[in-house]
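Novice: Dock chains B and C against chain A, hints included.
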Amino acid sequence: MTLLEVRNLSAGYGQFQALFDVSLNVNEGAAIAVIGANGAGKSTLLKSIAGVVDVIFGEIIFDGESIVNLQPHERLNRGIALVPEGRRIFRSLTVDENLSIGAYSRRQGVWNRELVYEVFPMLAKLTDRRADKLSGGEQQALAIGRALMSNPRLLLLDEVSLGLAPIIVKKLYEILPRIRATGCSLIYVEQDTNQALSASEYAYCLLEGQVSLEGKPADLSREQIASAYFGIGVNK
Amino acid sequence: MTSIQEFSVSRTTVTSRISQSVLLIAVFWMLFIASGDNKASQGKIIDLCVFIVLASMWNLLTGFSGLISIGQQAFVGLGAYSLIVLANGVGINIYLAVIPSAIIVAVISIPLGLVAFRLRGGYFAIGTWVIAEVARLIVKNNQSSVIGAGTGTSLEVPESLKSGRYQVTTFIAISVAVASIVFVYLFLRSRFGLALQSVRDNETGARSLGVDSYRVRFVAYIIASFFTSLAAATYYIKGLSVQPDAAFNIGSWTAPIIVMVVIGGIGTIEGPIIGAVLYYLVRDFVSNHEFFSDPTFLIVTGVVALIFALFVKGGIWGLLLRKFPKLTVFPVKRRLHIENFEFDQRGN
Amino acid sequence: MIIQGVLVGGLYAMYATGLSVSFGVMRLVNLAHGDLAVGSAFIASTFCLATGLSPFLAIFVVLPLSALVGIGLQVAIFNRVVGVDPSFQIVATFGLSIAIQNVLLQQYTANPRALNVGDFGNRSLKLVGDDVVIGLFPLTRFVVAVLVLVLLSLFIGRTRIGRAFRATSDDPDIARLMGVNIRFIYAVAFAIAVTTVALAGIFNGMQTQFSAADGPALLIYAFESVIIGGLGSLWGTLCGGIILGVAQTIGAEIDPGWKQLIGHLVFLIVLLVRPMGIFGKDELR
Chain A
1 MTLLEVRNLS AGYGQFQALF DVSLNVNEGA AIAVIGANGA GKSTLLKSIA GVVDVIFGEI
61 IFDGESIVNL QPHERLNRGI ALVPEGRRIF RSLTVDENLS IGAYSRRQGV WNRELVYEVF
121 PMLAKLTDRR ADKLSGGEQQ ALAIGRALMS NPRLLLLDEV SLGLAPIIVK KLYEILPRIR
181 ATGCSLIYVE QDTNQALSAS EYAYCLLEGQ VSLEGKPADL SREQIASAYF GIGVNK
Chain B
1 MTSIQEFSVS RTTVTSRISQ SVLLIAVFWM LFIASGDNKA SQGKIIDLCV FIVLASMWNL
61 LTGFSGLISI GQQAFVGLGA YSLIVLANGV GINIYLAVIP SAIIVAVISI PLGLVAFRLR
121 GGYFAIGTWV IAEVARLIVK NNQSSVIGAG TGTSLEVPES LKSGRYQVTT FIAISVAVAS
181 IVFVYLFLRS RFGLALQSVR DNETGARSLG VDSYRVRFVA YIIASFFTSL AAATYYIKGL
241 SVQPDAAFNI GSWTAPIIVM VVIGGIGTIE GPIIGAVLYY LVRDFVSNHE FFSDPTFLIV
301 TGVVALIFAL FVKGGIWGLL LRKFPKLTVF PVKRRLHIEN FEFDQRGN
Chain C
1 MIIQGVLVGG LYAMYATGLS VSFGVMRLVN LAHGDLAVGS AFIASTFCLA TGLSPFLAIF
61 VVLPLSALVG IGLQVAIFNR VVGVDPSFQI VATFGLSIAI QNVLLQQYTA NPRALNVGDF
121 GNRSLKLVGD DVVIGLFPLT RFVVAVLVLV LLSLFIGRTR IGRAFRATSD DPDIARLMGV
181 NIRFIYAVAF AIAVTTVALA GIFNGMQTQF SAADGPALLI YAFESVIIGG LGSLWGTLCG
241 GIILGVAQTI GAEIDPGWKQ LIGHLVFLIV LLVRPMGIFG KDELR
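Protein chains in written order, with our numbering: chain A, 1 to 236; chain B, 1 to 348; chain C, 1 to 285.
Please note that the accuracy of each hint is not assured.
Which stretches of chain C does chain A cover? Using the computed rule of at least three CB atoms under 8 Å from a CB of chain A, they are [claimed, not checked]:
#	region
1	151 to 165
2	173 to 179
Which residues of chain C face chain B? A few of them, derived with a C-beta cut under 10 Å, are [to be verified]:
#	residue
3	L53
4	D85
5	V103
6	Q209
7	L219
8	H264
It should be emphasised that the hints constitute simulated quantities derived from the structure, not laboratory data.
Ideal Cβ positions, reconstructed from N, Cα and C, are used throughout, including at glycine.
Extracted from the complex, chain A is given alone in its bound form (with noise of 0.2 Å):
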């Protein structure tokens, strides 16, 4: 039951190569952390599965099929949904249109505005303010929520924890599982690892666009992590 198989990955943007030779698997329904310093690679990672970033060589592969070559709005069209760095909601939307600019691609599924208030109760008490007026968690939730309105199986949350208190973040942890329970499943990259370990099942470490380090978090030490993080008498 592998949903997502990269093979051989890499990718960049124009002349820079920030991915080289990743592979990585996410079976049905898990959920999958994918660790790194800053420039690692892995919001690029998230960018190529997504399609906005081009790729030079490698194989993706979602569902059985290669998905390599199709345009973003066609992979959200078989399901999979990137919740991308730095919120970047639609700052003249009102909460509920942004909302409904997720279901644009109109996939069925559980997700539906009802219960997107009701996981983000938050967000109910908002429905009609603007964007651009939320504070830095409600935009967060707001992007997640966005994104769960495609009704995707594999969703993609790039660094949701970046610049938001620690409570909010263990806030939005929390709504994860949620997720899981309606059948997506979920890659979070993050730079915190200790939230993004507790969270998942497998875990990746990338090191200047190579995968460093994988391995069940339980198994990982803290000292095998940092150094593959920091890239500590790792050698290459």
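Specialist: Same frame as chain A, but now just chains B and C:
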């Protein structure tokens, strides 16, 4: 890891020396014609030099500063009329009035720039056009007899200067063209020029490095206005008759300039020169062989500009550069020499 | 007299709408905008002369045609210049403008034409007794303009595609991630722009003469209306158009040569004093 023992950084290359010599020969040839009697050729050289300057200045704004202007005709008209005011009105010798008239226009360009710079990008472009229109309408509707309102006026040439006029004007035209190219070349090689290009490439990045993007662009705007009006003054010393609708006409000035630079190669010093020469040759050919009507010629030039803007963004010079990467006439980039090797900025 | 200016403003707002929409959604400034209006008027005129039908009927033929032309232009030209260095956008549309003007010149010569609406152009309406009289035609034109703006406003504010417009305007990359087909959105936006400006061009041709070189002036009026009213606000554009119309009418009263000049000066003053326009906002609404 290789160690670098001997290195130096330089700008000139063998090819640039060769091509600069070729240009120098061309200039001497034009000067030779200037000292002769062939008014037709002299007239053509004057026109060509004027357009080289205009094209280079537009290129300075658009290609090097990222300021897209379709209002350069404002400075052509203002240059023409300030020459008239100084020569006819105040009585200064027509040749001596050229530089002061350009200085006046450069000063006028300051408040104009303050207004124009409120806008950006495409709207800035239209804004420059509106400014040109305002200038045209003010000149057209004015009451002064020196300027002559809608019907225009003529530059008064005293008897003593009449016979040598074409020759002197040709010399002036060549000098202005050479001066403007040399100026642009030196300017771009300077720190200021580097700052300007960095703003064009990435304004936020440049500002975070301490470049005052507003000031840098404003200076480029003033410089362009100065040289444009120098060229205009030269043009009208030859042509003598000035009318607001012609002097401020976007189709007569800005349209050919844009076509020249786009075809020649935007963002390079060599591009506008190539474009101007090519345009002139084609124009000449077309007017001597009557199968093209005026509108047809313009349709073709409009479409050609469109095609180049879409598909051949580097212009003809860009195409040549791709085939011969070491080709330069006016080297602005620095090159690193290591022992026997030469690298340019991209590490080729 | 002021009312005349207001009514003309409606026409200017119609010209400006297309510019506003295409800039808001795509950051595209189309210098050939005015020429498209003039071109539509000429096509309507050709249609009317050929079939003998009223120009009002010509609208139903020309508008769908202009939508198609808009989509064609978008696909062939504008998709290549959206999002890249704006200088190429300006140059490309400038080249297009010159080409269109001269094609019209070649086809139709420099002679001005008009669209004949018969008696309708002369009828007038009396308000407030005998003192205030307004032409029925300008009134109709104004009402149509307002109607167009209302429809467009509703479209952008309430429909799924309208939301996609606004999302694309805010953040095209993320809109793509939401499943929005950006090329499609751009095509629709531009089709709207060309259709509205064609309508404006035809209405203009019904009242005054038009000729091949009129395009640039219309572009400037549209542009000034948008800037005075404020970027990003459709109703602002209407106000901008009205202010411009009134300013020009007052200018023309003082001296016929001053009509355009006063309009330009008002524009420049607004630009200096309040560059974001009277109702300026950052996004398309």
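Novice: If a hint holds in the structure, say so; if it does not, say that too.
Specialist: Against the structure, the hints come out as follows:
Counting residues of the region 151 to 165 of chain C whose C-beta lies closer than 8 Å to any C-beta of chain A gives 3; at least three are required, and the coverage claim holds. Chain A is given as covering the region 173 to 179 of chain C, and this holds because 7 residues of the stretch bring a CB closer than 8 Å to a CB of that chain, at least three being needed. A least Cβ separation of about 29 Å between L53 of chain C and chain B goes past the 10 Å threshold, and the interface hint is therefore violated. Evaluation of the D85 of chain C hint against chain B yields a held restraint, the C-beta minimum of about 8 Å falling below 10 Å.
Interface restraint check for V103 of chain C: the shortest CB-CB distance to chain B comes to about 6 Å, inside 10 Å, so the restraint holds. The beta carbon of Q209 of chain C comes no nearer than 19 Å to any beta carbon in chain B, farther than 10 Å, and the hint placing it at the interface is violated. At about 7 Å, the closest approach between the beta carbon of L219 of chain C and any beta carbon in chain B falls short of 10 Å, and the interface hint on this residue holds. At a threshold of 10 Å, the smallest CB-CB gap from H264 of chain C to chain B is about 5 Å, leaving the interface hint in force.
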